[in-house]
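Colleague: Take a look at the letters that make up each chain.
Protein chains: 2
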Amino acid sequence: MDYYSSHIKNLIEELGRLPGVGSKTAQRLAFHIISLPEERVEKLAETIVSARRNIHECKVCHTLTDREVCPICSDPARNGRVIMVVENSRDLAAYEKTGKFDGVYHVLQGAISPMLGIGPNDIRLKELMVRLQEPVDEVIIATNSSLEGETTAMYISKLIKPAGIKVTRIASGVPVGGDLEYIDEVTLQRALEGRTEL
Amino acid sequence: MDYYSSHIKNLIEELGRLPGVGSKTAQRLAFHIISLPEERVEKLAETIVSARRNIHECKVCHTLTDREVCPICSDPARNGRVIMVVENSRDLAAYEKTGKFDGVYHVLQGAISPMLGIGPNDIRLKELMVRLQEPVDEVIIATNSSLEGETTAMYISKLIKPAGIKVTRIASGVPVGGDLEYIDEVTLQRALEGRTEL
Chain R
1 MDYYSSHIKN LIEELGRLPG VGSKTAQRLA FHIISLPEER VEKLAETIVS
51 ARRNIHECKV CHTLTDREVC PICSDPARNG RVIMVVENSR DLAAYEKTGK
101 FDGVYHVLQG AISPMLGIGP NDIRLKELMV RLQEPVDEVI IATNSSLEGE
151 TTAMYISKLI KPAGIKVTRI ASGVPVGGDL EYIDEVTLQR ALEGRTEL
Chain W
1 MDYYSSHIKN LIEELGRLPG VGSKTAQRLA FHIISLPEER VEKLAETIVS
51 ARRNIHECKV CHTLTDREVC PICSDPARNG RVIMVVENSR DLAAYEKTGK
101 FDGVYHVLQG AISPMLGIGP NDIRLKELMV RLQEPVDEVI IATNSSLEGE
151 TTAMYISKLI KPAGIKVTRI ASGVPVGGDL EYIDEVTLQR ALEGRTEL
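One line per chain: the protein sequences are R and W, in this order.
Note that the first sequence ends on residue 198 in my numbering; no numbers are left out.
Note that the second sequence ends on residue 198 in my numbering; no numbers are left out.
Mixed in with the good hints there might be a few duds.
Since the list can't tell identical chains apart, any single copy or any two copies may satisfy a pair.
To be verified - No farther apart than 16 Å at their CA atoms in a straight line, the calculated lysine to aspartate or glutamate pairs in the EDC-like style are these:
no., residue 1, residue 2
1, K158, E96
2, K161, D122
3, K59, E127
4, K161, E193
5, K166, E14
6, K100, E185
7, K161, D102
8, K158, D184
9, K43, E193
10, K24, E14
11, K9, E96
12, K161, E87
13, K126, E193
By construction, these hints were calculated from the structure, which means they are not laboratory data.
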């Protein structure tokens, strides 16, 4: 890449390390950034660094936040006795967007994956157990419907059910608006198993 | 987005302004950046700012470079009497990768587009005319094969041919490895018109 100067080369390399950014995308982004006004670029860089510096895990639910305790955990209107367990802050955000859940969350910051060498001690499971020493009405497991998510759900369920805590799992089934003919067999089977009376 | 703290929100917004980065991708990138070690994030931010600060147009060919005159223009082994006109530095890089061109370039930094309100004065055309006051053997027009690229090629050709300078256009045709059955009609027609004797 002698035809690019070292500054462009470094920028393309750095951007290319981001997830989902291939070398073509990295080039496109790099040239876009170079074409922006200098103030805009400085603002972008500042925002990146300040987000990284100020964000850490909420000491209660372990979602990413810039406060000690996140807005959801510190909201007295939320029902602290119903805890929804999710894999990460994006999943928490997805449920918050529904506006239909008034309990609190526990963010695992990952899922158990023997393939990737991620065990129960690598996610915020101990922290969940500590929270469950307080009285809790229900733990809703909302990990993804992937192999890792299901494994994690089973593991958590086995761990906390013996303590007499009600554990539920969000439903698997046909997505709303989904056309049966395009839905995979496992999902169809789950939808059948999880049928409810009308 | 109350469930994200303002630092994450700002980061997602800034990243979402980059071309081709939608809100989902911006979220994914933001959370990735937050998960990186602080030094890595600082390096990314530094690279972004320093690329923007140190890059400007080569004063001869107008490609983006961190020197006053880019490595290609200052290379005595290149034939300065053959100038290839391209739209941008990425196109220059694409031709450099072939290793088959030993002339020099002229980077227009755009193409004429009446749709986008980009006229001949908005690209580095005056600068090309200045260069053509020195003796030149050939001007190869290698703008894209798009409407804008073709318009620009025609415009340049009409402008400089009267001065008795040899002007050529890179060939349009079937890409190497291309299957005729999937090639559009205009390209097939061009390939026919541009046929060469074997």
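Colleague: Indicate, hint by hint, whether the structure satisfies it.
Modeller: Structure-based check of each hint:
Proximity of K158 and E96 under a CA criterion of 16 Å is satisfied in neither setting, with 27 Å inside one chain copy and 61 Å between copies. Taking the closest pair of Cα atoms, K161 and D122 never come within 16 Å of each other, the shortest separation being 21 Å inside a single copy and 69 Å across copies. Taking the shortest alpha-carbon separations for K59 and E127, only the intra-copy value of 9 Å comes in at or below 16 Å, while the best inter-copy value is 60 Å. Taking CA atoms no more than 16 Å apart as the test, K161 paired with E193 passes in neither setting, with 22 Å inside one copy and 76 Å between copies.
When the C-alpha separation of K166 and E14 is checked against a cutoff of 16 Å, the pair qualifies neither within a copy, at 47 Å, nor between copies, at 42 Å. Within a single copy, K100 and E185 get their C-alpha atoms no closer than 29 Å, and across copies no closer than 54 Å, so neither meets the 16 Å cut-off. With identical chains, the CA atoms of K161 and D102 are never at most 16 Å apart, being 23 Å at best within one copy and 73 Å at best between copies. For a Cα distance limit of 16 Å, the shortest separation of K158 from D184 qualifies neither inside one copy, at 28 Å, nor across copies, at 60 Å.
Taking the closest pair of Cα atoms, K43 and E193 never come within 16 Å of each other, the shortest separation being 52 Å inside a single copy and 51 Å across copies. For the homomeric pair K24 and E14, the shortest alpha-carbon distance inside one copy (13 Å) is at most 16 Å, but the shortest distance between copies (21 Å) is not. Only between protomers do K9 and E96 lie at most 16 Å apart by alpha-carbon distance; the minimum there is 15 Å, versus 40 Å within a single protomer. For the identical chains of this complex, K161 and E87 are neighbours neither inside a copy (19 Å) nor across copies (65 Å), given an alpha-carbon limit of 16 Å.
Taking CA atoms no more than 16 Å apart as the test, K126 paired with E193 passes in neither setting, with 32 Å inside one copy and 72 Å between copies.
In terms of the numbered hints stated before, the structure departs from hints 1, 2, 4, 5, 6, 7, 8, 9, 12, 13, listed from lowest to highest.
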